[in-house]
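Undergrad: Chain by chain, the residues:
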Amino acid sequence: MNRQKRRTGRRHPLATVALLAIGLIFTGGAYAALSAGTTAQAETDLTSQQTIDEGKKLFQANCATCHGLSGEGTGTGPSLVGVGAASVDFQVGTGRMPMQMQGPQAQVKPVQFTDEQILQLAAFVASLGPGPSIPPAHLVDGGGDAANGAELFRINCAMCHNVAGAGGALTEGKFAPALTETSGVHIYEAMVTGPQNMPVFSDMNISPEDKRDIITYLKYVQDNRSPGGFELGSLGPVAEGLFIWIFGLGAIVAITVWITAKSN
Amino acid sequence: MSTASPTTGTQKRSFTTAAAVYVNERTSVAGFIKELGRKAFPDHWSFLLGEVALFSFVVILISGTFLTFFFQASMAEVHYDGSYVPLKGVEMSVAMASTLDISFDIRGGLFVRQMHHWAALLFVAAIGLHMLRIYFTGAFRKPREFNWVIGFTLFILAMAEGFTGYSLPDDLLSGNGLRIIDGLIKGIPLVGTWISFLLFGGEFPGTQIVGRLYSLHIMLLPALVIAFIALHLVFVVVHKHTQYAGPGKTQQNAVGPPVLPVYAAKAGGFFFIIFGVIALIASLFTINPIWNYGPYDPSPVSAGTQPDWYIGFADGALRLIPPGWEFVWLDRTWSFNILVPLIAIGIFIVLVLLYPFIEAWITGDKREHHIADRPRNAPTRTAIGAAGVTFYAGLWAAASSDILATHFSLTMEGVIHALQAVVILGPFVAFFIAKRVCIALQKKDREIVLHGFESGRIVRLPGGEFIEVHEQLDEYDRWRLVSFETYEPLMIRPNARGKITVGQRFRASLSRWFFEDRIAPVTKGEIESGHGGHH
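Residue numbers (the working numbering), protein chains in the order written: chain A, 588 to 851; chain B, 625 to 1159.
Isolated chain A, as found in the complex (with noise of 0.2 angstroms):
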């Protein structure tokens, strides 16, 4: 009798896990709820002098090394004065800046800001002088036609970054990244601000609207996968003659094996 007591309200056998539970549900309640609000107050306000304040003391502490006190450019660092928000969404947005170290181009990494602050230091450095801003989101949505996007990005891209997007390399050790997992906005901000050692892509060369048939082109192949089974990494034949060695040969040499086994 006593035993059975014990086994009821908490000291049930369940009783942790239901306190698991609860704690878990709270704790991811309260995040679900703080990070709800942190999208809500991304709708910052660029141009407001408090933004660009609160830009501007993040940019000395994380950038400034590099950059200049205010962005002027140091030896290790280029001057920031015009390079415009949607250069700072890019390559913060991205994780590439704050760079982990001098090399051949900046490597992607995991990000480092949150939104917020990625937007306060857009907004400090547009404001040390004209730039391309942050696109729209009817460019970025890959809402237009995605076959004049897939003729200009097989003339204009596809000599660096491969016709799927798969990336290709550069000399000296620089490469073009791989564009499967590149969101809309960051592919239309590379385009016109030319990060690294891509070229700009002004919109006196390719207008908004084929910038937004690329994207369009692009999250098909990213939404999209091939037809035709795994794709392995779409890196064309080079990829497809190493699979044959290795998996289609290898198996087969080892059926010749099993069939030519003595029984025993």
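Read the hints as simulated data drawn from the structure, not as lab findings.
Okay, derived cross-link-like pairs now, DSSO-like style, lysine-lysine, Cα gap no bigger than 30 angstroms in a straight line:
id: 1; chain 1: B; residue 1: K766; chain 2: B; residue 2: K864
id: 2; chain 1: B; residue 1: K1059; chain 2: B; residue 2: K990
id: 3; chain 1: B; residue 1: K1148; chain 2: B; residue 2: K990
id: 4; chain 1: A; residue 1: K849; chain 2: B; residue 2: K1068
id: 5; chain 1: A; residue 1: K849; chain 2: B; residue 2: K658
id: 6; chain 1: B; residue 1: K890; chain 2: A; residue 2: K849
id: 7; chain 1: A; residue 1: K696; chain 2: A; residue 2: K761
id: 8; chain 1: A; residue 1: K849; chain 2: B; residue 2: K663
id: 9; chain 1: A; residue 1: K849; chain 2: B; residue 2: K864
id: 10; chain 1: B; residue 1: K864; chain 2: B; residue 2: K990
id: 11; chain 1: B; residue 1: K1148; chain 2: B; residue 2: K1068
id: 12; chain 1: B; residue 1: K990; chain 2: B; residue 2: K663
Part of the chain A face toward chain B, derived, beta carbon under 10 angstroms:
id: 13; residue: G736
id: 14; residue: A737
id: 15; residue: R741
id: 16; residue: N743
id: 17; residue: V750
id: 18; residue: A756
id: 19; residue: A763
id: 20; residue: T803
id: 21; residue: Y807
id: 22; residue: P824
id: 23; residue: L836
id: 24; residue: I842
id: 25; residue: T843
id: 26; residue: T847
id: 27; residue: K849
Only a predicted model underlies this, so the values are computations on that prediction, with no experimental measurement involved.
Each residue gets a CB set at the ideal place from its N, CA and C atoms; glycine is no exception.
Put chain B on the given structure of chain A with help from the hints.
TA: Just chain B, lined up with the frame of chain A:
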């Protein structure tokens, strides 16, 4: 009772027997089947590699026939109007549009297209592996020299088949490949430009090339491949198959199960296994996604543009040439950046083609050889093979230099320079290492035959000494280790007129290079005396 059962048996089999007799009376096929069905076929996994090539070729023929029903080899311009959205309305050739239709709008089309392409990659790979087996076991020696030449011709024909097929869809990748071929041809002094105009029917790309390549791809080249395969197989039957050394296996016989019934059944089953493996790969893995590449247009080139693997060595050779090898002289452009790779590859191909004759001349051996060598027992040949493989592999890897650079975080220049070293110095290093390894393995074999292998049993002798007991091999295992031949360097002898010619000196020096370092097989006498004096 005993007389009754055969009668019923005969009645039961009567139809088969009657049919067989009927056919035989009109074709005399029985003698042929009897002869062929009793052919012995030695059993070893490496003897099936040629069959893999043959069976993948059958898959190529079957899938290719299906594709010819739907592919249109025309370069007329159309606007694509099929199911693939990112190409809708794009101007392209009929060839490209029909390939897209095969991929997206014809039931099973993409599957068969992928089977065709994967089988083609497997076909050439299997030929390559088969050739390596023949080379390293010395199975090209008399009487099989011609069959080596036929087989190597098949390898070249297979590459030609592959390249013409790769060029047919008229997508960006195939057009880039053709442009490289066009550049190679134009790099030949004096005649290059005219040959290019002849091939393309005018300036590149023109409107002719796809139709012409199609005729080659589905008519001329397959006919040649089939003819050469038939010849190849006839020679295999005429010469009988080689076999590895073993008890009861001699230069005069072929030991193995007869073709009929079990071996034929196994081979038939093996065909379906190959078919199945190719079908499985084709159903799971994309190959040549032309929809990504889009129609050919001479201006764009994609990053990571490479030929299929078997042309890679030629592409790699072009990539490894340092800059500045093209200059103007006598009012002509001399493209040594193209001529040097062409000549180097040409020499390599001729050397491989003629290797059986070269080796036969060096050894001066006129006997027939039906026992395949173990690679270690022909150290210099194995070392030459290793050098050739290294040379080829260096060129081959160079074709993927950009992929190597991006995927291993290397610099493009570093990859190219490293591979230049591999192609030029690598063969010498490989030769040296392979030869030393072969001789070391031969020494180990000799040691085992003479002294047996370590049994792990430690015995203390009455005098206090500890020894490990060595056990002798049984006779079957020993046979494998001792039955091989060595050659000695040729002696230079004056000819009938008492002179030593330059040719003879050259031959003698090659022979010395081949056979100076050698380990002689253990003789019967050595084994017998060895047993007495040891534990």
